[in-house]
Structures are given as C-alpha cells and as structure tokens.
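With chain A's structure known, arrange chains B, C and D on it following the hints.
Protein chains in written order, with the numbering used here: chain A, 1 to 190; chain B, 191 to 857; chain C, 858 to 1185; chain D, 1186 to 1391.
These are computed hints drawn from the structure, not numbers from a lab.
Treat the hints with care, since some could be wrong.
Unchecked claim - Here are the in silico distance ranges between beta carbons for each label pair:
| no. | chain 1 | residue 1 | chain 2 | residue 2 | range |
| --- | --- | --- | --- | --- | --- |
| 1 | A | G94 | C | T1078 | 34 to 40 Å |
| 2 | B | L705 | C | G1048 | 49 to 55 Å |
| 3 | D | R1315 | C | E1006 | 48 to 54 Å |
| 4 | D | A1229 | C | S1132 | 54 to 60 Å |
| 5 | C | G921 | B | R833 | 49 to 55 Å |
| 6 | D | S1254 | A | H163 | 26 to 32 Å |
| 7 | D | L1266 | A | H163 | 42 to 48 Å |
| 8 | B | A458 | C | S1132 | 52 to 58 Å |
| 9 | D | L1382 | B | L412 | 45 to 51 Å |
| 10 | C | Q1170 | A | N104 | 37 to 43 Å |
| 11 | C | K1185 | B | P279 | 27 to 33 Å |
Glycine is no exception: its CB is placed at the ideal position from the N, C-alpha and C atoms.
Each chain, letter by letter, is given below.
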Amino acid sequence: MRASPRSRRFIVAGGLATSLLLATACEREQRRFADAPPSSAPSAFTTASALQPGPTYIASAVADPYESNAYAASTGQQLFASMNCSGCHSNGGGGMGPALMDDNWIYGSDPDQVFASIAEGRPNGMPAWKYRLNNQQIWELVTYVRSLSGLIPKGARPSRSDHMVVASPPSQTPNSKPKNSGVPPASKAP
Amino acid sequence: MSAEHSGEHDALIPAPQPPLPARATLPDDLLASEHEHLDALWSDGRGFWAWVTTVNHKSIAKRYIVTAFLMFIAGGLEAGAMRLQLSHPDAGVMGPDRYNQIFTTHGTTMMFLFAVPMMTAMGLYFVPLLVGARNVAFPRLNAFGYWCYLVGVVFLYVSLALNMAPDAGWFSYVPLSGPQYSPGHRIDVWAQLVTFTEIAGLIGAINIIATTFKLRAPGMSLNRIPIFVWSELVVSFMIVFALPAVALGSTFMLGMDRTVSTQFFNPAEGGDALLWQHIFWFFGHPEVYIIFLPGMGMITEIVEVFSRRRVFGYTAIVLANITTGFFAFGLWVHHMFATPIPELGQSLFTAASMVIAIPTAVQIFCWIATLWTGRPRFTTALLFILGFFFTFINGGITGVMLASVAFDKQVHDTFFVVAHLHYVLLGGAVTPLFAAFYFWFPKVTGRMLSERLGKWNFWLFIIGVNVTFFPMHLLGLDGMPRRVYTYLRETGWGPLNALVSAGAVIIVTSVIVFLVNVAISYRRGALAGDNPWGSYGLEWATASPPANYNFLYPVVVRSRHPLWETAVELPVLTGLSTERREVLVTTTVDARPDHRHDDPTASIWPLALALCMAVLWIGSIFSPYVVLWALLISTPVLIMWSRQAMRVTTTERVQRPNGEMVEMAQA
Amino acid sequence: MSNPVLLALQNVRHSATAPASPEAHAIAHLFWWMLAVGGAIWLLVAATAIRSAFARRGAPGDDGLMRVSAETHTRLQRVVIGATVVTGVILMSFIVFDFSVGRALAAFPAQSLTVDVTGHQWWWQIEYEDPNPSLSVTTANEIHVPVGEPVQFKLASHDVIHSFWVPNMNGKRDLIPGYRSSIWFRADTPGVYRGQCAEFCGLQHAHMAFLVVAQPRAEFTRWLLQQRTSGATPVDSLAVAGQQVFMSGSCALCHTIGGTPAHGTVGPDLTHLASRLELAAGTAPNTRGYLGGWILNPQSMKPRTLMPPNPLQPRQLQALLAYLETLK
Amino acid sequence: MTNADRPLRPEGDVSALPTVVFGSRSLMWWGTLGFMTIEGWSIALLLVAYFYLRQNFVDYPPARTPFPSLLVPTINLGIMLLSFVPAVLVARAAKRLDTAAVKLWLLPFSALGLAILVLRWWELWALNIRWDTNAYGSAAWVLVGFHASLLLLDVGDTIGLTTFFWTRPLPPKALSDAADNSFYWYFTVGIWIPLYLILYLGPRIF
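One chain only, chain A, in its complex shape:
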C-alpha cells in the first residue's frame, strides 16, 4: 500500500508537533502516591506565632512542589473535606475561621506561608497539623487552598465536585491579586 510509509512519517511528524504543544501537560498529570519517605519534622522556615524577631516576615524561597499538579490539588481537596477544614472555613467561604477564597491573606499567600499556617497553626483557633499530617499531605492542602482563590495554574485547579453547588469551583474562580502578604500588625490580628 503506497501511502503506508508516508502516513507513518506523517503520524510521527504530527506526534512531535503535538508533543511540543502538550509538553506542559506532563507535570500537571503526574500522580505521586508516596513521595520519598515523609518526615513529620516541622519545616525549617515555619513560624510558631505572629510574634516575629524583627519587623517583617521574611518569606523563604520554598516553592510548592505540586504548584501545577491537578492530582495533588484534588487530593488536597479530599483532605480538606476529610480533615473537616470546612468546620471552620466552610468550603473556603469562611466562618469561624477566615475565608480562603477571597484575596485577603492574613498570614500571607505564598506557598511557604500557607504551609506554615497549616503546619504550625495560627492564633485564635487554627490548630497545628504538622503532628497529624505529613509534609506531602500539607503541601497538597496548600495547593488546594491556594487554588481556591485562583493562585495556581488554571489547568491544575479542581473543577466542580459531585456535591451541592456552594460556590463556583476553583477552575472557574478568577485569579485574585492577594492582599497583605505577611504577618499583620498585632492590632489587625483576628
């Protein structure tokens, strides 16, 4: 059949072209089940309270390893539910605890800041989770929490879930420019 070698060549060519287009997908689709044996040791950069040595909080350069990983975000969503985060943050809408889907970040919106908030806990009720969850889980939570206000790449944000509609899913939340990144003056602390 005359066409055969050519069509094969064509498929290969097309394949290469498309793979260039989709190369970004790799990271998003990775599914890590258990990363290198997790340690429950608190991360170096986390802060135990709002009281800082020195005037301002120095953000460390630690990045969210799952920043653009859809699967981690949805696992975070699962944890958010099963760890009953909604008890205080009601689906990110806020209640006893602050809202998570708005642009107001009392303790900062950077991944490491959110990690600190979860791992170390914060004054006025936020428990420290570092004794309960391992780093991987906390990072997954970080990814999900940041997705709530559109701080992670669109393609990685969770879409709607099979529950009653309470708010538009992260995949449809507009990116919001986070306000007050860092530790608030004691007066403004909740």
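Same frame as chain A, now just chains B, C and D:
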C-alpha cells in the same frame, strides 16, 4: 431470479451517438488514448503536496486502512503489556496508574481508532468499485474525514506519551470519569478524541450512503447490489443514528461537566449517573454490530467467489442485515443488568438480545448451504472464513448466554465477558477482515499475497485466539473481575492467566507473519491481473490496481453477478466528458442514468479545516474561549473550500425541476 | 503462624460454578443447561460448516460455476428454514428458563437480616442495622451471615460506582451514587467466601475485596454480640502506650474505635480490627507483620489508598501493634 | 490499459444528460439530508436527556427557578418564521434560474439570519437559569446552545452564498446550491419550533 436478467433498463439508456453497428466493440487504440487522457485528468499528482491534497477515494481509503491497521498493532501492543502484567500474581511490571491508562487506551484504540475506521475504510475503498463508480459522492468531505481521524489518533498517542492518556476505561463511566474523581485533562482527552473519530465516522457513513444511492452503475437496481455494499449501507445508517449519541454524551455532557461545570451527572444537583450509561450503550451496543456487519458482508462475497456459485438466499441475507441493524438499537440495556433498572424492562431486553441471534443464524445457514452445494477452493481467504465459523459461533453462543439476566449478573464485568467480546470481535470482525485482505489485496496492489505464509498466518491466528481467550471464560466464572491491574496469589488465577499470556504471544506472531507477507508480496508477489479469483463483482472489471478513474466507461449491469453473467464483451455507456472529472449519477432505486456530475479536483482545504477543528476540539479542553478563535480561523478556510467549487468552467446543461433543459455558462 | 484466612479461603472454590446458596445454585443450573445446549449447537454448526467446505457435489458448468437444480434449491430452503425455526425455539426456551430463574432471585424474603453495605474507594463499610441504634454494628470488609437465613444487603455509594459480588452466593449488584439498590442471598454451606468489587472504580479496583463468613446461627450471634461491645481498654503498659500513639497521631483523625475519643469516619472502623481475617479490603492477611508494614507505608502495598505513610519510631510501632492486637 | 481481457461494447451514450439538476436528484441534496438527519437526531437525543433528568426533580423547572422569559424567544421565533419568506423565494427563484431574484432575496435572508443569531444570545439568558446551577439548567442550555451552532452554520452558509452571488460570476450549480441552502434552513428553523414550545412554553403549561 427472473428480474435479475431482464433488460428492462435498456430502454432508459440513451442511444449511442453516433449509432454503432450491433455488437461493435470499442477499438483498442481509442481505449488506449482515453485511458491516457482520463488517467491524467483524474490524477492528483505525486509528491507530498499531492499526498495532502488528494481527494481520490482509493488513496484516502488506503491510508485510512494503513492507519487503522497501525492502530490495531498499537492496541495489540497495549494488550501485550497488560498480559505481561497479568501473567503472574502480584506482578510489578507497571503500577495501577499506568495500567489504567493502558487498558483504557487499548479499548479506545480498538473500538474507536481501529475497528470502526477500518470497516468504514474498507467501505470507502471498495463500495465505489463494487457499484462501478469513479469516486465517492463527496471526495473532499472524505479527505476531511480522514484528517479528523488522524488528528484523533495522534492526539491519543501523544497523550499516552505524556502520561496524560485517559484512565477511566473506554466506557468512561461517571462519576469516576467526572470532574471530581478524574482531575487533570486525561478524560477530556478521551471525550474530545471520541468526538473527533465520531465525526470521521459520520462523514464516512454519509459518503457511503450517498455513493450507494446515487453513483451505482447503470442498471444496478437495489436488488442487484453486492451484499458487502448492502452491509456497508446498513452499517452507515446505524452509524448515523448511533454515533451522535456518544459524540453528544462525551463532548456536550461529560466534557462540559468537566470544563464548564454543567451538572448532567451530578446526583446532588439533579444529574444522573445512569444517564451516561444509557447514552453510552445506546451507541455502544450498535457499535458492536457496526464493526461486525461489514465482516458478514465480506464473508458473503468470499464464500460466493470461492464456492464457485451464486450465494444461496441473497434476499434472506440482505433482510437479515437490515433486521440486525434495527434490532441492534434495542439491546443496550443488557450492558446494565446489574444496575437498579426495573426487572420487566430487563426481561424485554433479554428477549431482544436473544432474538437478534436469529438473523445472524440465518446468514450462517445460508453460507453453509452455499458452500455445501458449491465447489470450495481452499484459499487462505476461505480458510479464514472457516476459522470464523469456529471462533465466532463460540462468541455468539456466550452472547446468548449473557443475554440472560440471571447468568449475566454472575459474569458481568468479569473475564467471561472479556472472552466473549474478543471471540465476537476477533472472530466476527478481524477474521473476516484478514480473509478480505487476502481476497482484495491483489485488487489494491496488483500482486497476490503469499498463500503459504497465509496458511501460517491463519493457523497461528486461530490457535492464538482460542488459547488466549478460551481460558478467560473459566477465569470469569472463578470470579476474576475485569480491569484489575493485579491479583493475589491466593485467588488461584495464576496458572490460567499464564496460559492466556502465552496465547497472546501466538497472536502477535500471527500478525507479524501477516506483516511479513504484506511486505514481501507488495514488492515480489505474483502479478494478479484484472480478475485473479475469477470473481463476478464490478471491482474485478477494471485493472489491478485500478486506474485513477476506476472505470473507463460506466459499465451497464443487468444482473447480480455482472462478470459471471455477461458474455466476454462488457456493455458500457460512452459520453462522459473527458475535459473534466465527470461521474454518472443514477436514480436511487433502479439506477437509471440521471445526470452527469462534475467531481471536485484536489484540494488542501480539507486538511486545513481538519487542523482548525483540531485547534477547536483540543483547545477547548484548556479554555472554552479557544472555540471562538477556532471558529474565526476556520471561516476563511470554509470560504476557500466553497470558492473552489464556485468556478465558471464550461457551458452547463441545466435541467429545471419542470424538466426544461437550458444551456447556460454562468448563473 | 499458619494463616487462618488462607486456610479458610483454600477450603472453598470461589467460583460461580461452586454455589453455596440456593440463589447461586439456580444460576449455576441455568448456566450448565445453557452451556450444554449452546455447546452442542456450536459443535454441530462449526462441524457442518467445515464439513460443507469439503463437500463435492455435482460438476461445475463449462464456465467453472456450480449450478443448483430446482429441487436441490428447495431442499436447501427447507433445511435452512428448519434450522432457523429450531434456533428460534431453543432461544425461546432460554428466555423462559432465564425468566423463571430471574423471578426466583427477585422475590425478596419478607423476613430477613438486613446489612447496609457502603462502597468506598477502596473498601467496604458494613453496618448491621438494629431498631436500637446503640446495638447496630459497624465493621469493614468482612460480612458474617448466619447459615440458612436470608440476608438482605442494602447497597449505597457516595463516591463512584462499585459493584457488590460474591460468586458463590449470587449475582452482582451495582452501587451507584444517587441510587439505592439491594440484593439478597441465603448461605446454605458454612465457610469463608471471597467477594469483591466488580465495577471499575479507580486505581485500587483490584484491591477492593471482602469476605463473607457463613457460620451457624449460634456462632453468628456470638460474633454479633462481641462486635457490639466497645473497643478493649489496654492493660499492659505497651498497649497503653500504643493507644497513646493512636490517639495523638494521625490515626484517630480517620478511624473510629468505640469507647475512645477516636471518631474519624474517613477510614474503616477499627473497634474490632483484631477479629478480622484480612487487611485493607482483602489486600493482605491480618497478621502482625502485614499490619506493621501496612501502618508504616500503606502506599507500597496499595498505591493511592487514602491512608498516608506513618513514619513511626520502632518503639511507637511495636506499641501501636500491641494496642491494635487487643482490639478483638 | 484496462479491461485487456474484456472488449467493451458501447450500449448507449450519456452526453445528452443534464449536468446541473435540482432537489433530490443532486448529490448535494443527499449530503444536506444526511447532515440534517444527524443534527435532528442529536437534538432528539438531547431532548430525551432533558426529559430523563426531569425524573430527578419534583417540579421542572426546579423549585425557586423562575419560568423562562417569553419575550425574546417569542420575538426570535417570529423572525424565524418571517425568514421562511425570503428562504422560499430564493429557492423558487433558483429553480426558475432567475439569478437576479436570487441575489435580491438573499439579502433579507442573510439579514434576518444575522438578527436571529444575535437574539439567540439573549434567548439563552431568557432561560433564567445558569448552565451550572443544576441539571435542568445544563440540559436547557445545551439544547439551545446546540441549536445555536446549527444556526451559526446555516447563517454563515447563507451569508457566504450571498457574498458569492454579489461579488463574482458563478457557475449554474450555484443556483442548485442556493436552493439546497433554503432546504437546510427550513430544517433548522422547523426543528426550533418544538424546542421553543418545550423549553420556553413547556414549563408554564405542565
């Protein structure tokens, strides 16, 4: 039988211009010059540009067939990987994540990228030849269909390479495939890929229907259509009614649930998980017959030729095809017997699922009767048909057993079903397909496939299929569910699985033998000549491989077996233009010459449009707004596409609905 | 130690063809009958087909084609029509037989023990209803049924579609979010039978099995009463330390142990973990070794299970195991 | 060189046959019919889904969902029915081979088509529910949206045809195409009438 030979149509054919002495034949030098002329006129040229612009149904169908066969091999390799992982308990060849992608890709490939396209492609190549046409009805649409299909192929396999392949099964049941339980874009890939290939399939179907209805050789009335064409016709109608279901379900429901948060399948907001199963199987069950009926058509052709007699019960077989086509839409619920569906409804579907066995049985009986009173020639093609009887009927019987609600609830979603469906599809579709390859390869390439390698190919295949799939029945009964990436040693499924995996190796060997056979015969096979099998069909009334124009002149048909029942001389009609690509359009029922149609020339726009569609479908996964951009860029393409047909060429003979004939050059 | 599960499991063939209940018997009967008839048809037709290919009747005409006399043609017609009619009759008999069996299976018993089964990714939650809620029992991946009594299973799922199937007992039934469904059977032979999820439900579909323990009424009642008690209180120091580990670590967030502060509902109820035969939905036998391995890194035994790795110090682990083993 | 082994005997001559015909005789008509079948069937299936989902609701549209507004949809339906006039006239003129009339009537045809497309946007919002609110919203939106895509296709075709007729000399078969375009328009508008009744009037009636 009498109507078959009547010359009732002659009166309807205009007299020769100028009148010829009775029984005169066209002089060879005229034929030679006409051949030169038409071959050049119908040629789309050579080289890459010609390759991407051609609208010749043979070139397109050929690459369709090749691509589909590559997909058969790809799907086979995936099957091999799965068998490696399952060959022994607790194997560590691959993890669940990879395994799920692979079995999903296997199913998706075999159903959407191999079986249906392959059967459509066989139709697109042979239907025009069998009905004596020069091309399909819509050549550029035909090219567009292929390019859509190719984009789908590339899309799926690039995704697989990117660890982004769908992983919720070829049936993508919600909610597992929904936004919550399948994050990322894997299922979006599946949903859009399905739509792609469905579009290709629908286009192929429309082409085959229009070709069969309007481009038949003069005198080939409906009761003289070759049975393979009948089955392709029935299948095309089934495609038109079955494929929209899954295309809508995947793109407009599943896809939109995932991308823009529609609630079709969210039980908390009034959605319904069973709705997807209904939609999917309303397509999914006819799909099986869409794959299998063309195989039946091929068998009839081959049985007829190699038993050297006219098939017994032409009408019965045609009616059986049509009945199957209708019944196929009334069975889908037997895929859902384990779901909470009213019992009475289930019984009705049981009855339907069993009754549909009857038309198939009728066809099988007719073939046996034909062989019995014929003088069979044991070519590889016929051997594969005998293999069909052996394997397919096995699958048919288990199919009837599965139609029983009570029994189905035991083996549903187990390896018993895997065994059944592979017996049906490999036995009922792939075996006839191999037979058809051996039968028609000479026509396509002008060379014969080696019969000796063919025998090897056949025996390895039949043995392989049975060694691989028979033990699966037992595994299913012993409780091995489908779609498991591993199993515990305690289950005791190990030995049989090892046997199954061994069988898979035999099948692979058989396919390799076939490929070797093709590779060798394509270059060094014995020359075939016009009609190596002494067959009766119009496809054998032209050169092998056929010239660009297929037929020098429209052949006049007066019976069901033109080449068996005409004398040496072949009656033809002259008078089609030699200045442009003209095809003869005939009336739908009794194929009277109706008018001359100007066929389009080579065009790049089908490819361009397919690429625009690719941007649309693939882009919409990442952002709904891409749709608008894609529409924007496809507008100029569509304009260019239609401009091509809007050229003033020569004076046309326009016939108004009231019959008045007007000569006009431009509107 | 010789593992009780493996022994128990090896005593029975876990097959639809080894029925242990009237329902499975009925289906198996239907199966054997259809197999016999179908097999006969298959052999007959295949044989005839192949035989027909070797038929040599009459000589071809001068054009090399076979012509069939009118009477041969009519004879063929008779045979084909006859064969078709026979096929129809056989199919009808199948339909009738199937329908009768179907009726029998669909006739739910008026009086029956009721068990609520909830499918999760990827384990089974089992609840024995009782009018008095405090007497209802919650366990996981292991169903005990009294021999000779009909048991009805009310099926539900809150994540994806699962399918409840015990080959030796009855056909399968899907658990579909948004739908309620149920199935029943009456075990008539004591033994341990294997069941599993039959509908593809994600990464660990392969490891979503459960056990059905059919035992005499007396034994069953004893088991049920024992399951109603709350979790054992540890006595020896090691077990006490283990309880500490359980309550202070992440365990208590997801698991419940009756009579303790642990009330997690994400994972299986562990109140009587030690009394179960298998771990992690039929992934491994419930032995100290497997349990330890499971706790340390479940992801290696069952990738993507919801249970996270637990990096415990050896002492902590030993204590925890000691505690869990007291949960008889 | 073909048919070496079989001499060809001419039995007739087709040069007197027409090269441009109208209606069901032409291939294009069959193609159009095919796509009409597919699209009509798709809409039928979406309607089945619409009614199937109804089982999951006590009332349909669900409680606290206002009925769809009727104003815009009714106006648009009116325009659609009106558009039949130029469509029919175009088809008639084409079959009379009266190019001038075709050119003339194509203009209002395109204009009305455009108007319909524009109104379709508000027609979506006239459903008074978002697609992501619940299954009812999804089904209704997808039905109207799917039909909108047919409209887009057909109006685009009409406008393209109009431009061709006004800008360049066309071969006679353009007339046949114009007739087929009207044929397709009858279908697109015809199938909307039941959709309008079911989606916009239906909720108020039952």
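A quick look at each hint next to the structure:
| no. | hint | result |
| --- | --- | --- |
| 1 | A:G94 with C:T1078: 34 to 40 Å | violated (51 Å) |
| 2 | B:L705 with C:G1048: 49 to 55 Å | holds (51 Å) |
| 3 | D:R1315 with C:E1006: 48 to 54 Å | holds (52 Å) |
| 4 | D:A1229 with C:S1132: 54 to 60 Å | holds (57 Å) |
| 5 | C:G921 with B:R833: 49 to 55 Å | holds (54 Å) |
| 6 | D:S1254 with A:H163: 26 to 32 Å | holds (30 Å) |
| 7 | D:L1266 with A:H163: 42 to 48 Å | holds (44 Å) |
| 8 | B:A458 with C:S1132: 52 to 58 Å | violated (36 Å) |
| 9 | D:L1382 with B:L412: 45 to 51 Å | violated (39 Å) |
| 10 | C:Q1170 with A:N104: 37 to 43 Å | holds (41 Å) |
| 11 | C:K1185 with B:P279: 27 to 33 Å | holds (31 Å) |
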